[in-house]
Amino acid sequence: MDRNKYSKAEAFRYEILAVQRQGNRLLNNLLKEIGLTASQAEVLRILDEWKTLSLKDLGHLLICESGSPSRLLDRMSADGLVEKVVDPKDSRYVILQLTTQGVEKAKLVEDIEQGLYEQLMQLYSEEELETMSSLLFRFLKGQSLADTLKRRGYEP
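Under full-length UniProt numbering, the very last position in the sequence shown is 156; numbers go up by exactly one each time.
Don't read these hints as lab results, they were simulated from the structure. Certain hints may be false.
Computed Cβ-Cβ distance ranges for the label pairs, DEER-style [what the hints assert, rightly or not]: (1) 93 x 117: 33 to 39 Å; (2) 9 x 83: 42 to 48 Å; (3) 127 x 78: 42 to 48 Å; (4) 119 x 143: 37 to 43 Å; (5) 83 x 155: 18 to 24 Å.
List of simulated lysine-lysine pairs, PhoX-like, C-alpha gap at most 25 Å [claimed, not checked]: (6) 107 x 32; (7) 141 x 51; (8) 8 x 51; (9) 5 x 51.
If you're wondering where the values come from, they're calculated on a predicted model, not measured in any experiment. Ideal Cβ positions, reconstructed from N, Cα and C, are used throughout, including at glycine.
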């Protein structure tokens with residue numbers, strides 16, 4: 001096999017993996033200080049922004065968690081971060097919303113994320129971030145994660 005033929009693509013693949021792992025490591029270390037995982041933090045931020053969602057709608061907005069997030073939500077509910085309320089429009093369903101404690105934790109998560117974004121903005125210019133975002137989004141084109149990102153308002 002001509003290894004050099006794919007060396008740039010291979011390096012790019014491993015660089016994406018390394019950046020993802022390092023980013024997750026940084027985020028998880030910071031979140032550990034407030035007793036959260038990255039998946040829990042994502043749920044808090046989404047519910048803080050959207051206020052109320054069904055389990056299905058929340059699942060369509062999550063990047064960290066694939067499939068149904070019901071176990072994750074059960075844990076967060078038991079921890080007093082999220083509450084399940086009967087949907088006033090249809091009593092057969094429940095909607096999810098943050099508790100007071102969940103709102104407070106969401107603010108801490110936002111502060112942590114802002115710190116990470118500041119670090120990125122010190123490393124890269126706005127133009128570089130825009131270019132990288134566009135290139136990475138192209139890789140996701142036609143995939144369900146691209147649709148999830150679009151639903152969350154992230155599209156180059």
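Enumerated hints in conflict with the structure, sorted upward: 4, 5, 7, 8 and 9
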